[in-house]
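1 is the number of the first residue of the sequence shown in the working numbering; add one for each residue after it.
Keep in mind that the hints are not guaranteed to be accurate.
[To be verified] Just the calculated beta-carbon pair ranges, DEER-fashion: (1) Leu328 / Leu294: 21 to 29 Å; (2) Arg142 / Arg427: 16 to 24 Å; (3) Asp102 / Gly332: 51 to 59 Å.
In short, the hints are calculated from the structure, not lab data.
A quick note: this is a predicted structure, and the numbers were derived from the prediction, not measured.
Yeah, the Cβ is synthetic: ideal placement off N, Cα and C, and Gly gets one too.
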Amino acid sequence: MSPDHTLGAEAPASPAGASPAGASPAGASTARASAVNAASAIAAPGVEAPRAAPGARVGQPDSEALTVRLAGPRCSAAAALLAADALLVIFVWPLAVMLIGDAIPAGVPPGPLPLVLYPAAFLLFLYALGLYRRDALIEPGRAIGRVPLAAGLGSASAFAAVTLLPPPFAAPGASALFGAAVLAFTASALAARGVFFLAQRRGAFRSSLLVVGAGKRAWDMVWLLSREGRTITQDVAFVHDPRMGEIDPRLAEDKRWPIFPASDGFLAIARRVRADRIVVAPDERRGMPMTELLSCRTAGFPVHEYHRFLEREIGRVDLKRLDIGSLLYADGFTFSVIDLALKRALDIAASAGMLLITAPFLAAAALAVKLDDGGPVLYRQARVTRGGRVFRIMKLRTMTVDAERGGAVWAAKQDPRVTRIGRFLRRTRLDELPQLFNVLAGDMSFVGPRPERPEFTTELAAALPLYNERHLVRAGLTGWAQVNYPYGASLDDARSKLSYDLYYVKNFSVIFDVLIILQTLRVVLWPGGGVR
Numbered sequence: 001m002s003p004d005h006t007l008g009a010e011a012p013a014s015p016a017g018a019s020p021a022g023a024s025p026a027g028a029s030t031a032r033a034s035a036v037n038a039a040s041a042i043a044a045p046g047v048e049a050p051r052a053a054p055g056a057r058v059g060q061p062d063s064e065a066l067t068v069r070l071a072g073p074r075c076s077a078a079a080a081l082l083a084a085d086a087l088l089v090i091f092v093w094p095l096a097v098m099l100i101g102d103a104i105p106a107g108v109p110p111g112p113l114p115l116v117l118y119p120a121a122f123l124l125f126l127y128a129l130g131l132y133r134r135d136a137l138i139e140p141g142r143a144i145g146r147v148p149l150a151a152g153l154g155s156a157s158a159f160a161a162v163t164l165l166p167p168p169f170a171a172p173g174a175s176a177l178f179g180a181a182v183l184a185f186t187a188s189a190l191a192a193r194g195v196f197f198l199a200q201r202r203g204a205f206r207s208s209l210l211v212v213g214a215g216k217r218a219w220d221m222v223w224l225l226s227r228e229g230r231t232i233t234q235d236v237a238f239v240h241d242p243r244m245g246e247i248d249p250r251l252a253e254d255k256r257w258p259i260f261p262a263s264d265g266f267l268a269i270a271r272r273v274r275a276d277r278i279v280v281a282p283d284e285r286r287g288m289p290m291t292e293l294l295s296c297r298t299a300g301f302p303v304h305e306y307h308r309f310l311e312r313e314i315g316r317v318d319l320k321r322l323d324i325g326s327l328l329y330a331d332g333f334t335f336s337v338i339d340l341a342l343k344r345a346l347d348i349a350a351s352a353g354m355l356l357i358t359a360p361f362l363a364a365a366a367l368a369v370k371l372d373d374g375g376p377v378l379y380r381q382a383r384v385t386r387g388g389r390v391f392r393i394m395k396l397r398t399m400t401v402d403a404e405r406g407g408a409v410w411a412a413k414q415d416p417r418v419t420r421i422g423r424f425l426r427r428t429r430l431d432e433l434p435q436l437f438n439v440l441a442g443d444m445s446f447v448g449p450r451p452e453r454p455e456f457t458t459e460l461a462a463a464l465p466l467y468n469e470r471h472l473v474r475a476g477l478t479g480w481a482q483v484n485y486p487y488g489a490s491l492d493d494a495r496s497k498l499s500y501d502l503y504y505v506k507n508f509s510v511i512f513d514v515l516i517i518l519q520t521l522r523v524v525l526w527p528g529g530g531v532r
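Take the sequences, apply the hints, and build the full model.
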């Protein structure tokens, strides 16, 4: 199995592993003692970074040491693209409506609600189809082809609403509005992406990161950021003291990664590299100059602890260097009565609505299963949900009737036990639809960790730390792990999915549930495309 699929894309353990920037294997054991003059660009190593200008040591009475840096929130690439989409839609959509004025009955103009519904549905489908995810921002070719689909689905949803619903949703000339919306939204989204990628090539959305420590933990963090980080392009520099442990040879070998001696002073180095953020990630915390870090913070440089910073950037809990203390004192893992009530209301509304919409597909799929081999249509199996409680999950049967005559086993990717109809049902996720009844019954939630079998739960809990913490919430029909990690059935896959499940449980909110439900559409349309 490739490193990208172990421990949620863990960094290679040996110095011989490939570096994030594609550097040659590390062979040197001597660390650099002086600073290098270029910062590393993680996602775009070919871009030259600004040279590190000479800076004064901390405590020197120069004018720069007396200034306070005005730190403000940086706009991420995804947020910038979303803003560009929204602004262009606001500009283009009224023009498109005016151009089709002759197709709308005279004296009966559409109201504001249906006119707002079209662009709102379009922006939701841009998000649902993954057009603001890291892979879409880095690889434009993967994003452009989905733009017309997002415009079509968004316009079709709005068209159905203004056609079927009574006023104030109803609007005259719905067909003309639909055609104008598809063309206008496709053009605006393509234009927004053209501007975005041009700005990106000119160095926009770059971020400067200063890492305290240059050991194995720092290497692991930068390796993960290069593959999963929300910030798609970063210049990285390191500051290191021998008391923090040994410098990782992979960092020492690559001349594009500047490692400054701590004797230069943290604040002076932060100013020298124009750091946007400082992350504390030493292998050893003994002798950590906390007063210098406090000076950086009071001077306007945000200082982050390793685990919390990495969790926010990669959207999961890093299990490789898990520190229980960081989870113990961090926010999260709390569920108020209001949160739980809202989540239950969302479960009922979403599952009932989904059953209503998919009832014809569910009936056709059930008939296909019955006609395929004459066996039972539904398959009931014991699964584990909140608090370790066992319930009977319902699915459309996708395997042969005697698939588990030898006992419970992991399902394989190309499992020979899967029937011909079963392959199609699994690929389209239609076999999961009966679980909507489990959601209505309260055994499952619409969003949550996938329910596992009791036999496997015991095995995984013994092998993986914090595995039982995923049972703090109800098991779900979809979840954060499902929209970010492809199908897998091994211990390594379970470990990777657990890192996403813990992130979900720790950061639970109803809004988070809604965003996951939206992203599930992308997973249904492009199975296996959930890897970041």
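Structure-based check of all given hints:
| no. | hint | result |
| --- | --- | --- |
| 1 | Leu328 / Leu294: 21 to 29 Å | holds (23 Å) |
| 2 | Arg142 / Arg427: 16 to 24 Å | holds (20 Å) |
| 3 | Asp102 / Gly332: 51 to 59 Å | holds (56 Å) |
Of the numbered hints listed earlier, not one is contradicted by the structure.
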